[in-house]
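*Asks:* Protein sequences, first through last, are from chains A and B. Residues in the first sequence are numbered consecutively from 7, following my numbering. Residues in the second sequence are numbered consecutively from 48, following my numbering.
Worth flagging that the hints you see were computed from the coordinates, not collected in a lab. Note that the coordinates shown come from a computational prediction; the quantities given were computed from them, not determined experimentally. Everything hinted at is true.
Pairs of lysine-lysine residues, derived as PhoX-like cross-links and limited to a Cα-Cα distance of at most 20 Å, are as follows: (1) A/K196 x B/K57; (2) B/K91 x A/K196; (3) A/K196 x B/K164; (4) A/K219 x A/K230; (5) B/K311 x A/K266; (6) B/K308 x A/K266.
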Amino acid sequence: MNILVCVKQVPDTEEIKIDPITGSLIREGVAAILNPLDACALEAAVRLKEAYGGKVTVLSMGPPQAKEALKQCVAVGADEAVLITDRAFKDADTLATSYALSMTAKQLGEFDVIVCGKHTLDGETGQVGPQIAEHMDWSQVTHVMDMKVEEGKLVAVREMEDGREVVEATLPCVASVTKASYTPRYPTIKSKLAAGKKEILTLSADEIKNLDKERIGMSGSRTKVAKSFSAPTGQAGMVIQEETGEATGRKLARILHEAKLV
Amino acid sequence: MAIILTEEQKELKALIKEFMENEVIPYAQEYDERGEFPEEILKKAHEMGLGCMNIEEEFGGSGLDNETMAVLIEEMAYGEAGVSTSLTVSGLAYECVRDFGSQEQKKLIAEAIVAGKYVSFALTEADAGSNAGAARCSYALDGDEYVINGSKAFITNASYADYHLVFATKDPALGVRGLSAFIVANDTPGVSRGKKENKMGLRLSNTSDLHFDNVRVSKDMLVGKEGLGFKMAMTSLDVGRILIGAAATGIAQRALDESVKYAKQRSPFGQPIATHQAVQFIIADMAIEIEAARLLTKNAAILKDKGMRISKEAAIAKSFSSDVAMKATTDAVQILGGYGYSKEYPVEKLMRDAKVYQIFEGTNQIQRIVISGAVLKE
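With the rest of the complex left out, here is chain A:
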């Protein structure tokens, strides 16, 4: 199987802040990580490769430093890594992004499956995967928590709010996956070292064939961000459960005391 995985490097959102004046994300000083659900997408792809043979390519659109995220993918099973990077891609919305990714996919080869994470930590739109399927004119399955290939079709288990659904899709197809069963593996020392030396193929907008420049970046974007703001967030609760009621009470008292609440 020839599998493509689309990934994105995102700011570690535990730390995310929005500039109150410009309304854009403050990225300075925030660690960039591989989008967690994209790591699950890669894991899903590598498991398909392990089951049916073939090759896994990872593709990302982003600044040159996104190579780090791609190297991370190579360390856990991606065979090839491609970064499309160009100022012309800047300020792309999901439509422009999915167009650029699908045009690159067409150039890179004949893929049987394109796997994406369900959504990214930063945008959380969940649109890029389904849009790629539309650009490619392929079938698509979303919310995938397990998949296999049977008689030339992709058989996928979808994670629903009220249960699970098993669907079949003709190949080629786009699958966007959830975390549920795709806990990413750890790299090995050897794979980590090898990934560090791996050459990442870098393509500019000019190097992607038949790319309509009007459909990428800001000019290709149909959505404009009017305003971004930090919503007040509630603090996560905390469960204290010790072996006995007394011990639980004591621990609670100590925490309250240390927080100077009592």
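With chain A fixed as given, assemble chain B onto it according to the hints.
*Replies:* Relative to chain A, chain B alone:
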């Protein structure tokens, strides 16, 4: 941390940190209380190549040099010292086989370790600890086979090892010159594992007796030459001592970090105790000593990687770092006070874990014999 690391070292260190934080640290206390060997955790670590760091890539190992291993072992022991011990001792046995054994022996042991199996380094005996020359476990040639009889004590990973590197004597009267080393498969008739030690610290590592009752091994399982056992053991232990220095540094660094975290939040007089000079100076001393321990260890590792003799430097790194770890962990318990003494916080475990580093792979008193011997000969 004021020390230069290569990009590769930084990346691998981050990988170990992630693994320890997610897979080991959250479960360490439970395993510690039960004194249980964390087999499942170690299996994952083996899959990542953490158990075969010093084995060459041609045998499927991770192929790291000692300098890089020291960085990684420090990070491992920072998370949990027993796990770092369990993952490094097989490599100590391999060190000996690599330097002195045949190609077949190297392949046998390397491939076993790469496959996630354990190999014990069986030198110590109940009555032969600091003086390996007092070993009573004996061997004799009988036809084409060596026959081994006797017992070994305090052997790391013994209960789980598939192979043991056993040091036995031809004749106790020969002292250190009587020792030879043999590779013994654990399933050889006559090999049995004795009682598991119920230890003060390092409770996630396995330590047990081994017994050999007319154990017959073929001639090709003799490592190196007869009578060279002591020299071989000491050469391997030189490397072992560098890694002990690294692990002890990791324990000490954890003690410092836990102390700093606590000192910044604990405010019995309205101000965090970190604002009191009495506490600040303890923390400064910890930082001074830890940095020195790390540099001594790194220096010994670099010298070894350059193929130099390192008995003195390794002994210095081992003894200094382990003394630093003992002091830093004791001070960490002091800074955390009553909470430090409680199992609710991690520092009492660090203190228990640190102690053995002053004892194993040659007590710190034996290290001083090695060091003074080398200095006086210079």
